[in-house]
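Peer 1: Could you build the full structure based on these sequences and the hints that come with them?
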Amino acid sequence: MTVYSFYIFDRHAECIYKRRWLPRPASIAGKSGQSATPAISAGGGQTVRATDDDSKLVFGTVFSLRNMVRKLGGDDDNFVAFNTSQYKLHYYETPTNIKFVMLTDTKSPSMRIALQQIYINLYVEYVVKNPLSPVEHPGGVGVNNELFEESLEQFVTRVLS
Amino acid sequence: MRRASRYPLGDVTVFSLIIINKAGGLIYQREYQAGLRSLSTNDYLVLAGTFHGVHAITRSITPKLPLAQTSPATTTPGGGGSAPPAGYSYPNPGIAASGLEHLETEKFRLTCFQTLTGTKFLLFTDPMTGNVDTIMNKIYELYADYVMKNPFYQLEMPVRCEAFDRHLGAWLRGRT
Amino acid sequence: MAAPPRHSAMLSMNSAVATPQPMPGDMSQGPPQSLTPQPSQGLRVPSNRKTIYDRHLNRSRNAELSRASFAYLFAEMVTYAQRRVTGIQDLEKRLNEQGYPLGLRLLDLLFYRTTTTSSSALSSSSTSSSPPNRPLRILTLLHLIHGPLWRLLFGRSADALEHSVSPDTPNEYMITDNDPLVNAYISVPREMNQLNCAAFVAGIIEGVCDGCGFEAKVSAHNQPTEMWPSRTVFLLSFGESVMEREKVLERSGIK
Chain A
22 MTVYSFYIFD RHAECIYKRR WLPRPASIAG KSGQSATPAI SAGGGQTVRA TDDDSKLVFG
82 TVFSLRNMVR KLGGDDDNFV AFNTSQYKLH YYETPTNIKF VMLTDTKSPS MRIALQQIYI
142 NLYVEYVVKN PLSPVEHPGG VGVNNELFEE SLEQFVTRVL S
Chain B
41 MRRASRYPLG DVTVFSLIII NKAGGLIYQR EYQAGLRSLS TNDYLVLAGT FHGVHAITRS
101 ITPKLPLAQT SPATTTPGGG GSAPPAGYSY PNPGIAASGL EHLETEKFRL TCFQTLTGTK
161 FLLFTDPMTG NVDTIMNKIY ELYADYVMKN PFYQLEMPVR CEAFDRHLGA WLRGRT
Chain C
149 MAAPPRHSAM LSMNSAVATP QPMPGDMSQG PPQSLTPQPS QGLRVPSNRK TIYDRHLNRS
209 RNAELSRASF AYLFAEMVTY AQRRVTGIQD LEKRLNEQGY PLGLRLLDLL FYRTTTTSSS
269 ALSSSSTSSS PPNRPLRILT LLHLIHGPLW RLLFGRSADA LEHSVSPDTP NEYMITDNDP
329 LVNAYISVPR EMNQLNCAAF VAGIIEGVCD GCGFEAKVSA HNQPTEMWPS RTVFLLSFGE
389 SVMEREKVLE RSGIK
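Chains as they are written, first to last, in the numbering used here: chain A, 22 to 182; chain B, 41 to 216; chain C, 149 to 403.
Among the hints, erroneous ones may be present.
[As the list claims (entries may be wrong)] Below, in silico cross-link-like pairs of lysine-lysine (DSS-like), each with a Cα-Cα straight-line distance of 30 Å or less:
hint: 1; chain 1: A; residue 1: Lys-92; chain 2: B; residue 2: Lys-178
hint: 2; chain 1: B; residue 1: Lys-62; chain 2: B; residue 2: Lys-147
hint: 3; chain 1: B; residue 1: Lys-147; chain 2: A; residue 2: Lys-128
hint: 4; chain 1: A; residue 1: Lys-77; chain 2: B; residue 2: Lys-62
[Unchecked claim] Using C-beta positions, here's what the derived DEER-type ranges look like:
hint: 5; chain 1: B; residue 1: Leu-195; chain 2: A; residue 2: Glu-171; range: 53 to 61 Å
hint: 6; chain 1: C; residue 1: Glu-363; chain 2: B; residue 2: Glu-181; range: 43 to 51 Å
hint: 7; chain 1: B; residue 1: Asp-83; chain 2: C; residue 2: Phe-302; range: 40 to 48 Å
These aren't lab readings, by the way, just hints derived from the structure by calculation.
Since the structure is predicted, the reported quantities are computational estimates derived from the model, not experimental observations.
For each residue, glycine too, the CB sits at the ideal point set by N, CA and C.
Peer 2: Quick look at the structure:
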């Protein structure tokens with residue numbers, strides 16, 4: 022299974038964390054482990070711009086679909102995932118209105134539990150319980166700490182693939 | 041019993057069907073079984089328009105994977121308007137990037153089929169159902185027969201074809 | 149009497165064609181060696197007696213035409229007829245007029261096919277001995293429409309044939325089709341619910357009746373039932389002259 026990207030949106034509809042994983046090129050896939058999956062935030066200017074737009078589009082999509090689903094299925098219904106011919110988008114919303122979104126390949130199973138685990142075991146542990154992190158995270162302040170990023174990296178590379 | 045053998049995957053619960061024209065306008069909406077909340081006509085119109093936009097966005101946020109830097113001359117798979125930008129490829133090269141096809145929630149499953157001419161069929165079913173594609177194909181067939189061959193139907197306008205209602209209703213009732 | 153002049157006209161036309169040597173591109177006559185030598189000039193018939201008129205033009209397995217093509221064509225005909233019409237009756241009249249010449253022409257083919265199967269001699273001009281194949285009485289005509297015509301057009305017989313029960317209208321007959329082919333894909337809008345596009349078929353019937361010398365008005369009416377939602381009744385009302393002639397023929401015992 023391949024994970025393409027991961028986003029966290031806070032209750033103010035702001036993207037407080039985003040990360041993209043590039044598939045390892047086939048030639049060096051066996052050689053290196055986790056170090057070969059660079060986070061895209063360190064990429065060139067053009068790429069950063071593209072991902073910035075993407076996060077807004079992703080939020081717009083999940084927000085619209087979530088509202089549509091609630092309208093049709095009732096207030097206790099939840100939008101879980103959708104897929105296109107190219108990718109699958111998984112969605113998880115916490116009771117505090119934080120939205121977790123993950124884009125994977127189309128053949129992946131449901132990631133609802135995985136997103137919940139990221140919330141409980143990583144986000145709550147390393148962001149919420151971190152005394153140095155602020156209550157709100159404008160621009161990703163407090164979420165992009167080393168502990169959270171490192172454990173997310175491990176979770177995605179070891180647990181999910 | 042004849043039907044059970046024809047469709048071995050079991051019963052299908054179809055909640056409702058929506059057809060959206062290529063401009064995002066709602067042209068058909070019918071409920072077949074209770075299960076979803078029914079909205080006002082205006083809400084359905086808004087829903088159709090919203091979905092039309094979201095559908096286009098879901099196609100544009102397709103992950104773009106950079107091709108290996110060592111071989112920049114690698115050709116990207118050509119695919120008309122849905123080809124990725126130069127230097128990038130889509131996760132499933134060879135298949136045209138589509139918009140939303142299936143959406144799952146806890147209570148229902150939405151299947152969207154877009155024809156090559158841009159009309160979208162939205163089918164709301166029970167999440168436990170398989171072979172939705174069979175139903176979708178049949179709906180498209182009935183649409184082609186009883187809507188497009190009807191001299192009184194004006195293209196892109198709301199579908200008011202009694203024969204379409206009748207055949208579709210009878211077919212869906214026969215299955216469930 | 150239309151039959152003898154028609155026959156002689158065909159003879160003269162074909163004798164003109166028969167005098168020169170066989171044309172290379174003439175598919176209807178078949179290869180020259182399959183022709184039977186005719187004693188005198190006349191209609192040239194292949195040895196198996198199958199001319200182009202005897203067969204469907206479509207030689208595919210079940211001699212079927214695409215239903216979809218017909219549906220699109222007919223939809224376009226209805227759309228065309230709908231331009232600048234004043235109302236439903238006007239629209240039905242136009243559809244009727246589109247069918248009428250078709251009925252007139254079809255009649256010739258219908259007779260030709262029925263005569264070649266019933267009477268043997270084609271080239272012999274002794275029509276007096278062979279039974280008259282043109283219907284003279286109303287009932288024969290109705291059976292021709294109900295059976296052979298319907299089979300030629302739709303591949304099956306019509307579903308019912310009735311005479312009006314009302315004593316005021318002894319000149320009215322009804323032919324019922326439970327599911328007319330022309331209406332298969334048509335949903336008439338609610339505000340036009342009087343309209344039946346089978347008016348086109350009514351026009352064909354009218355053409356057939358007129359071609360046989362029966363003056364008649366034919367109209368199509370919706371009579372939906374639970375089982376047959378597009379059931380259509382074609383109402384044939386024959387003219388006064390036809391009814392008078394019918395009485396004379398009945399008295400003289402002509403079938």
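Peer 1: Could you work out which of the previously given hints the structure breaks and list their numbers from low to high?
Peer 2: As far as the earlier hints go, not one is violated by this structure.
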